[in-house]
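S.K.: Residue numbers (our numbering), protein chains in the order written: chain A, 500 to 640; chain B, 397 to 538.
Keep in mind the hints are simulated off the structure, nothing from the lab.
There could be a bad hint or two in this list.
Derived lysine to any residue pairs resembling SDA-like cross-links, with alpha carbons at most 25 Å apart [stated by the list, open to error]:
id	chain 1	residue 1	chain 2	residue 2
1	B	K417	A	H543
2	B	K417	B	G407
3	A	K582	B	D506
4	A	K582	B	T410
5	B	K417	B	A433
6	A	K582	A	R629
7	A	K582	B	S497
8	A	K582	B	G479
9	A	K606	A	L510
10	B	K417	A	P577
11	B	K417	B	S517
12	A	K582	A	S526
13	A	K582	B	R437
14	A	K582	B	D503
15	B	K417	A	A620
16	B	K417	A	K606
17	B	K417	A	R530
18	A	K582	B	R419
19	A	K582	B	Q505
20	B	K417	A	P540
21	A	K582	A	Q519
22	A	K582	B	L509
23	A	K582	A	Y570
24	A	K606	B	S517
25	A	K582	B	T409
26	A	K582	A	D514
27	A	K582	B	A429
28	A	K582	B	G495
29	A	K582	B	V524
30	B	K417	B	R432
31	B	K417	B	E474
32	A	K606	A	R530
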Amino acid sequence: VSDGRVRLDELSEGDECSWQLPTVTRSHFVRYAGASGDFNPIHHDDDLARAAGFPSVFAPGMLMAGAFATYLTNWFGPGSLRKYRVRFTGQVWPNDSLCFRAVVRRKNGAARTVALELSVANHDGRTVLRGNAVASVGPGG
Amino acid sequence: VTVLSANTDLGSTTFPVELGKVREFAAAVLDDADYRADSCRPVPPTFSMTVALWPSESEGSQPELGLSAGTIFHGEQEFEYLGDILIGDTLTARSRLSGISNSETGDGQDMRLITVESRFSNQRGEEVLVSRTVIVQTGGAS
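Construct the entire structure; sequences and hints are all you get.
M.R.: Spelled out as structure tokens, the structure:
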């Protein structure tokens, strides 16, 4: 099968994959707000964000969670996620650059799944998201 | 004053999974896959967030949680995928308050963790997704 998806026999515990989002912009925030319907103004109104004590607007957490799900889908294939959990641990500001990192923690050959540990760090090395996921993986071979 | 208790029914909402909305959402989460009306490609994994804030059609609704926007934020999000969600499906989400607990922030402020669980079924009655949202409320939690 050459559909570009990773196969179970290509994965080992400890393997990792990472993706870069070089520059996060206000356009990302606004596009996510419109698409999701989450119009919390703290993510698009700088005046309001500053009045609330923040230096500027910051990203909706689900923007990073959604992008991470996209990267995982590109790696394992559409519909491959069985579980996906994220915890938001820090804010993402305009012009941050982000590194998304997934590590294979367990591989279950019988169930054909892998358990992944997920994290997103900004350019200062601060972790802004932690999570875990279980993905189904094709048998390969 | 709204009294919050675990297991409070937050009502249900029914909505169509539309191609245009899926494409718009996919673009927002950096997914450049070619979604088509007749494709069998499941929607993006976090697509269900597009209905998380819809007003409920039946008894109970999020505004009745009595939360003020300035003091709440999204702390955690969890999904369990039980089946595929495809363009053209009609989903019904039933939500309930599944947990409330009190804790402290890193700098010692009181905070309250509120978990809302939504269970999504398709037009055939098959349960396809469970979503759990943890909302964190700080300052004035009572």
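S.K.: Now look at each hint and say whether the structure bears it out.
M.R.: Going through the hints against the structure:
1. K417/B with H543/A: holds, 21 Å
2. K417/B with G407/B: Holds: K417/B and G407/B sit about 23 Å apart, inside 25 Å.
3. K582/A with D506/B: violated, 30 Å
4. K582/A with T410/B: holds, 23 Å
5. K417/B with A433/B: holds, 11 Å
6. K582/A with R629/A: This hinted pair holds, its Cα atoms lying about 14 Å apart.
7. K582/A with S497/B: holds, 24 Å
8. K582/A with G479/B: holds, 11 Å
9. K606/A with L510/A: holds, 8 Å
10. K417/B with P577/A: Holds: K417/B and P577/A sit about 18 Å apart, inside 25 Å.
11. K417/B with S517/B: With Cα atoms ~19 Å apart, K417/B and S517/B stay inside 25 Å; holds.
12. K582/A with S526/A: violated, 29 Å
13. K582/A with R437/B: holds, 18 Å
14. K582/A with D503/B: violated, 31 Å
15. K417/B with A620/A: violated, 29 Å
16. K417/B with K606/A: violated, 35 Å
17. K417/B with R530/A: Roughly 12 Å between the alpha carbons, so the hint for K417/B and R530/A holds.
18. K582/A with R419/B: Distance of about 23 Å is within 25 Å: holds.
19. K582/A with Q505/B: Violated, at about 32 Å.
20. K417/B with P540/A: Given pair K417/B, P540/A holds - Cα atoms ~21 Å apart, limit 25 Å.
21. K582/A with Q519/A: Given that 25 Å is the threshold and the Cα spacing comes to 23 Å, the pair holds.
22. K582/A with L509/B: holds, 21 Å
23. K582/A with Y570/A: holds, 15 Å
24. K606/A with S517/B: violated, 30 Å
25. K582/A with T409/B: It holds: about 23 Å lies between the C-alpha atoms, which stays within 25 Å.
26. K582/A with D514/A: holds, 19 Å
27. K582/A with A429/B: Since the Cα atoms of K582/A and A429/B sit roughly 21 Å apart, the hinted pair holds (cutoff 25 Å).
28. K582/A with G495/B: Holds, at about 20 Å.
29. K582/A with V524/B: holds, 12 Å
30. K417/B with R432/B: Since the Cα atoms of K417/B and R432/B sit roughly 11 Å apart, the hinted pair holds (cutoff 25 Å).
31. K417/B with E474/B: Given pair K417/B, E474/B holds - Cα atoms ~22 Å apart, limit 25 Å.
32. K606/A with R530/A: violated, 36 Å
Checked against the numbered hints listed earlier, the structure breaks hints 3, 12, 14, 15, 16, 19, 24, 32; every other hint is satisfied.
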